[in-house]
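Participant: Sequence:
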Amino acid sequence: MEIWINPACSKCRSALRLLDEEGATYTVRRYLDEPPSADELREVLERLGLEPWDITRTGEAVAKELGLADWPRAAEERERWIGALAEHPKLIQRPIITADDGSAVVARTDEAVRGTLSR
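Using my numbering, the letters of the sequence shown map in sequence onto residues 1 to 119.
Since the hints were made in silico from the structure, they are not lab data.
One should not assume that every hint holds.
[Stated by the list, open to error] Calculated pairs, DSSO-like style, for lysine-lysine (alpha carbon to alpha carbon, straight line, at most 27 Å):
#: 1; residue 1: K11; residue 2: K64
#: 2; residue 1: K11; residue 2: K90
#: 3; residue 1: K64; residue 2: K90
Turn these sequences into a full structure, and let the hints steer you where they fit.
Facilitator: Encoded structure:
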């Protein structure tokens, strides 16, 4: 399993702590240092069963600069959103865990983290 984190994020640190407590084997990806490509984002979105606007941190300053609040959340705009996430990884909700079974979860709660461990 892989977990995308920002070390400054308390939810990320909490997820890592829980993974360690449970003895999970995982790889850490500091996605601000190693941003995902558009293709990687498409794959993760497929695994999550979500759209790019569902994992976008719209409260970030760069989101306001881009005017994301006014972007349509529609299929024809999907690539525009993915491009923004790839170019500005700070916009990506965190942490994201990709499980070995092919699923993924936005692991903002202990329950979500534990759910990946039971797969």
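Participant: Given the hint that K11 pairs with K64, test it: the Cα-Cα distance must not exceed 27 Å.
Facilitator: 23 Å, holds
Participant: Below or equal to 27 Å on CA atoms is what counts here, so check K64 against K90.
Facilitator: Judged against 27 Å, a Cα distance of about 13 Å means the pair holds.
Participant: Holds or violated: are the alpha carbons of K11 and K90 at most 27 Å from each other?
Facilitator: 15 Å, holds
Checked against the numbered hints given earlier, the structure satisfies every one of them.
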